[in-house]
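*Asks:* Sequence:
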Amino acid sequence: MRSILKKTFSVLLLFCFVLTLTTKVSAETDQERLQRLTDEIAKYQQELDRLGNQANTLSNLIAQYNTQIKLTQLKISQTEEKILLLGGRIEQLESSLTDLNKAYTERVARTYKMSRFSESYLLFVSMQNISDAITSFNYLKRLQAADIDLLDRLKNAQDLYQQEKTGQEALQKDLESQKVSLSGQKNAKAQLLEQTKNDEKKYQSLLASAKSELEAIQAIIAGKGVEELVGHISEGNRIATMIKGPSCNSSGTHVHFVVAVSSVVQNPFSYLRSGVSYDNCSGSACGSSDGDPFNPSGSWNWPVNEKIKYHQGYGSTWAVRNSWVGQIYNFHNGIDIESETGFDVKAVKSGNMYRGSYTGSSGCRLRYVRVHHDDGGIDTFYLHINFI
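Letter by letter, the sequence shown follows residues -27 to -1, 1 to 361 of mature numbering (1 follows the signal peptide of the UniProt record, and there is no 0).
Mixed in with the good hints there might be a few duds.
[Said to hold, decoys possible] Okay, the calculated beta carbon distance ranges per label pair:
no.	residue 1	residue 2	range
1	Arg23	Asp132	38 to 48 Å
2	Asn33	Gly350	39 to 49 Å
3	Gly225	Arg294	13 to 23 Å
4	His205	Gln18	50 to 60 Å
5	Ile121	Gln18	47 to 57 Å
6	Gly204	Arg23	50 to 60 Å
7	Glu142	Lys197	46 to 56 Å
8	Ala82	Gly260	52 to 62 Å
No lab work stands behind these hints: they were computed from the structure.
Quantities reported herein were computed from a predicted structural model and do not represent experimental measurements.
The beta-carbon is built from N, C-alpha and C at its ideal position, and this holds for glycine as well.
Could you put together the complete structure from these sequences and hints?
*Replies:* See below:
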């Protein structure tokens, strides 16, 4: 009995000592490594902030990309280091839990056997002398008290183990997200170099075109376009065609589709129906995991035929966060889509149709169609189109 008690206390002592000592020794080395990564992250973040306050030039934007890429790589290393450190702690906890479970099982069995003789007169009868009986009785009481303590320690160790496992899973998700971000940043840089051919004039031309487009779209939604009433049209009527290829303030074929109520833009996905076939090309590449959400939940039919090619979403998009267009605007007020089977643009609901245009400061005349719906006081806008 005395040996069982000593063995149990030894396991508890070993659990506390090994976990504490090993963690401290490991933490000293790992902490230094983590601190170095943290310091480097802070340095690159300061550099990124500094570059963001400088002139909007191609060379500066490339420097921002390079700095952001390095910053993300450091964050990945930091997360991997945390996962490694946590993995070591989890292994220690698993080993300690095994020992504690074994000790607790042995203790419960031993205590159960002794409890059958817990009555004082049975102890006196079963023992050869009074001294042994008293000693056994006292050990039993101490074992029962220690059982409660051991059970509490076991529960605490199990809770800590679960917390560490949950933390490890969260870090793993962070790591996966950071790796996706890194891939997107590298692709965004490659796209920039492809679009500009590393030429400052081409970059400034892209910026000017985007600024002009933003100015025009905001003015059109605010009712400042020059319009003429065409007449009443029905849902599904063909109202325009998409311009093929690049055009005024547009880098390629698509319709910029906007929903507005009293000149306040709404999320088109709240109105368009789900269940359509599409390719998501709104991220770093078509089909990449970093694209904008495609989550329509309404009842309207779409303004273009399936299969839909989805270029940019609503709100804070991948392009806003990662590409040069984020230098111009931080919120996309519609969605950019095209059809992979044709160029027709259709009315999503019945209403009065207007043809309009707006000429911005760049001299570019942006054509559009507006449909004022019969129900709900909603306006839908269809931009980058040809009149029919």
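*Asks:* So the hint says 46 to 56 Å: do the beta-carbon atoms of Glu142 and Lys197 match that?
*Replies:* 52 Å, holds
*Asks:* Given a hint of 50 to 60 Å, does the C-beta separation of His205 and Gln18 actually sit inside it?
*Replies:* This hint holds: roughly 56 Å between Cβ atoms.
*Asks:* Can the suggested window of 47 to 57 Å be confirmed for the beta-carbon pair Ile121 and Gln18?
*Replies:* 51 Å, holds
*Asks:* Go ahead and decide if the range 38 to 48 Å is satisfied by the Cβ distance of Arg23 to Asp132.
*Replies:* 45 Å, holds
*Asks:* Assuming the hint says 50 to 60 Å, is it satisfied by the Cβ distance from Gly204 to Arg23 or not?
*Replies:* 57 Å, holds
*Asks:* Please test the hint of 39 to 49 Å on the beta carbon pair from Asn33 and Gly350.
*Replies:* 45 Å, holds
*Asks:* Would you say the C-beta atoms of Gly225 and Arg294 sit inside 13 to 23 Å of each other?
*Replies:* 20 Å, holds
*Asks:* Would you say the C-beta atoms of Ala82 and Gly260 sit inside 52 to 62 Å of each other?
*Replies:* For Gly260 against Ala82, whose Cβ atoms are near 59 Å apart, the range 52 to 62 Å holds.
Going down the numbered hints, you'll see the structure goes against none, and every one checks out.
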